[in-house]
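Asker: Keeping their order, the protein sequence lines are chains A and B.
Residue 75 in full-length UniProt numbering sits at position 75 of the first sequence; the count goes up by one each step and never skips.
Residue 191 in full-length UniProt numbering sits at position 191 of the second sequence; the count goes up by one each step and never skips.
Bear in mind the hints are in silico, worked out from the structure with no lab data behind them.
Do not take every clue at face value.
Computed spacing ranges between beta-carbons, pair by pair [what the hints assert, rightly or not]:
no.	chain 1	residue 1	chain 2	residue 2	range
1	B	G259	A	Q44	26 to 36 Å
2	B	F220	A	E14	45 to 55 Å
3	A	G34	B	Q107	48 to 58 Å
4	A	D146	B	D34	54 to 64 Å
List time: in silico DSS-like cross-link candidates among lysine-lysine, alpha-carbon distance up to 27 Å [said to hold, decoys possible]:
no.	chain 1	residue 1	chain 2	residue 2
5	B	K165	A	K88
6	A	K88	B	K167
7	B	K275	B	K165
Computed, partial: chain B to chain A, Cβ under 7 Å [claimed, not checked]:
no.	residue
8	P38
9	E158
10	R235
11	R288
12	T551
For glycine and all other residues, C-beta sits at the position ideal for the given N, C-alpha and C.
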Amino acid sequence: MSDIIKNGRVHADEWTVLRLAEGDEAATIALPAGRVIVPLAVWQARREELLPKAEAGVLGVWLAGNENPAALTADLSALPLVAVDFPKFADGRGYSIATLLRTRLGYGGELRAIGNVLRDQFFFLLRCGFSVLQPQEGKYTPAQLDAALASLNDFSEPYQAAVDRPEPLFRRQSRRPLQGEAA
Amino acid sequence: MYQYDEYDQRIVDERVAQFADQTRRYLAGELTEDEFRPLRLQNGLYIQRHAPMLRIAVPYGNLNSKQLRTLGHIARTYDRGYGHITTRQNVQFNWPRLEDVPEILDQLAKVQMHAIQTSGNCIRNVTSDPFAGVAADEIVDPRPWCEILRQWSTFHPEFAFLPRKFKIAVNGAKEDRAVIRVHDIGLDIVHNAAGELGFRVLVGGGLGRTPIIGEEVAAFVPWQQILNYCEAILRVYNLHGRRDNAYKARIKILVKALGVPEFARQVEEEFAHLKDGPSTLTQAEIDRVAGRFNDPVLSALAQDAGYRARLAEDKAFAAWARRNVRNHRVQGYASVVLSLKPYGVAPGDLTADQFDAVAELADRYAFGEVRSTHEQNIVLASVREADLFALWQEARAIGLATPNIGLLTDIISCPGGDFCALANAKSIPIANAIQDRFDNLDYLFDIGELEINISGCMNACGHHHVGHIGILGVDKNGEEFYQVTIGGDQGNQTTLGKVIGPSFAAAEMPDVISSLINNFIDNRQDDERFIDTVRRIGVESFKTRVYAERTARLEAKEIAHV
Ligand code: HEM
Ligand code: SF4
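Turn these sequences into a full structure, and let the hints steer you where they fit.
Answerer: In structure tokens form, the structure reads like this:
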């Protein structure tokens, strides 16, 4: 079971991420027991069957980088968890997907970054609205993950608006003009 | 220039700490090579031919004397005694040790400098007109807008891992000196029919492997909305730009694939959601940023009689003034270009002592401020006419007064094979060989305005496509050859040059340039510039001349060997 970061702390995770292997069919694949995060394709193929589980808080959906989050528009209020997959850490589509889920589609539940999630991206991921960060299992030792918590606060006052601070610095703080400041 | 406030300083300080820790973890083996690469690139750190190469941001080319002295210190202490002004107005060092980079960044932070986003697949350092704020043809000073864009793009969390690099340039004058048409986003500050200020937005320009001139996607975006509009562009690109092939990942490929109308439609759709949102700019914010530029307050001076007398008396001074001095919007002042293209030096190189000496000149004659230019020179923006003669003498003493700005020897060149691991061929020795051939000043003046741009490979760091004469290093069976284009141009009429034919060996290049020039001289009408003659008579006659003379040379050589 992997560790996740939530609310600035390390937690043991209770969810299993289901990924389709070659030959697996979205319509027929067996779901693991317990809380499970299924691919969008599985959700779309079996929405009727899975909706009660989502409403019971034990089923979430994950999106790949090329999937449009608007595909979930009608379901977001029922889903306790949406995850976005980072196939490579340098593939930045997930940041825009998260931003759209939070700002455009009004998603308020758990938003989780999964896949190739690295410590050096934590700060950006949080800014784009992820509430849970899940590095690949075994990527970090417990000690490294604890140390990585420091990365959550790399920058104290970022300039631009993003999901976590929806106003840019110039609206959040009164920044002084030059006059009256020691050069 | 812009003065940091406590927030600007804190972000840079926090960056120094962050990168020091990332470097430490990399050296300790906690970060893999692959994981560290994008992190160091976003901090301007390449691994190059000899050592890491560190690119330091010079936002829209603005530097003060304190910063110049720090750059001199870095050149002297951590490098081999020189640094390099790049075609994106930044400063590059070729020999620092990775272990020293955190310390270098710490020293830069103390003078309000950094290496943030000078490289990597993020929004790069914003570039602009080196004469911003002082140009006689300026409509609006672009610098506060550049600074606003700089702040917005710095560690933008959504756009730190784009499909590819992303470059924004801003122009605020009638004549575009920022080459906005070859940038991912080119912003032209304009007024609409109602007299309101806004931006004409060009997207999808760029050179490299697939050179394309940017196209207009919005004729007018009100200034209040410019961050929202840029965000819309970036989001469409981030979500839909290609990631399967690095050569096809720039926004220009997406714009081409969708077509401008469809691309513009997608941007508009995104923009509709962002318009009037929290990133909408306010007059108070513009005023605040503009107010943090501590520009000298200049009032018109009487024209300087001494200056005029010197011009009449001293031929060398007059030649320099004609080429290297530009009109200023305030009477009695001028802008000066220090040439970093003396004979035999890599275009754009400055020694540590020259960094210090330029700082000295800036303090004494130019209110402590300079600009770097994409032509790889340095501008002193505001100099009293009365000081020009003394300034010239001192600039001459440090080798920065070659009167060749805009002339054939003012060559733009990438570092090429001497430094760059991607190069197909050397660039600097070609530049030097051409400078050597044309070392007669009277002849240079006679040839007139001419831009030669050299790139060591198709990445086009030397902007060869937009040189009046462009030279591109190519590899043929492991040997270095050079392909020549003519008719390229930057500015309001940005044009991509046309290839004249098969490539040449390095040793032929000065002769090839001579043939081109001779054909121009024979065909020019009145005071036509090279580029105008090319436009008027076409490429063919140049091509014929170059290859005919080449054949004659080769035959003469064979006869000599019989
Ligand atoms: C020595 C290390 C360097 C490396 C490895 C490097 C690499 C590259 C690459 C790969 C590209 C093409 C990007 C693309 O089209 O997607 C590029 C473009 C560019 N580089 Fe460099 N470069 C280096 C140095 C420089 C220097 C020293 C300058 C300035 C003198 C420079 C200025 C540029 C410019 C202006 C472009 C843009 C061409 C365009 O408009 O698309 N680069 N560089
Ligand atoms: S054009 Fe090619 S050779 Fe020149 S600096 Fe760029 S990547 Fe290197």
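Asker: Mind checking the alpha carbons of K275(B) and K165(B) for me, to see if they're no more than 27 Å apart?
Answerer: Holds, at roughly 25 Å.
Asker: Using 7 Å as the Cβ threshold, decide whether R235(B) counts as touching chain A.
Answerer: Cβ of R235(B) sits 5 Å from chain A, so the hint holds.
Asker: Quick one, is the E158(B) hint okay against chain A at 7 Å, beta carbons?
Answerer: Given a least distance of 5 Å, the restraint on E158(B) holds.
Asker: Is K165(B) close enough to K88(A), meaning Cα to Cα at most 27 Å?
Answerer: 17 Å, holds
Asker: Against the range 45 to 55 Å, how does the distance between the Cβ atoms of F220(B) and E14(A) compare: consistent or not?
Answerer: 53 Å, holds
Asker: Report holds or violated for the interface hint on R288(B), using the least CB-CB distance to chain A and a cut-off of 7 Å.
Answerer: 5 Å, holds
Asker: Please verify that hint: T551(B), Cβ, nearest Cβ of chain A, below 7 Å or not.
Answerer: Not OK, violated: T551(B) not within 7 Å of chain A, min 50 Å.
Asker: Tell me if the beta carbons of D146(A) and D34(B) are separated by a distance inside 54 to 64 Å.
Answerer: 24 Å, violated
Asker: Do the Cβ positions of G259(B) and Q44(A) conform to the proposed distance bound of 26 to 36 Å?
Answerer: 30 Å, holds
Asker: Tell me if P38(B) is really an interface residue toward chain A, meaning its C-beta lies closer than 7 Å to one of theirs.
Answerer: This interface hint holds because 5 Å falls under the 7 Å limit.
Asker: Take a quick look at whether K88(A) and K167(B) sit within 27 Å of each other, Cα to Cα.
Answerer: Holds, at roughly 23 Å.
Asker: That 48 to 58 Å hint for G34(A) and Q107(B) (C-beta), does it hold up?
Answerer: With a Cβ separation near 54 Å, G34(A) and Q107(B) satisfy 48 to 58 Å, so the hint holds.
In summary, the numbered hints that this structure violates are 4 and 12.
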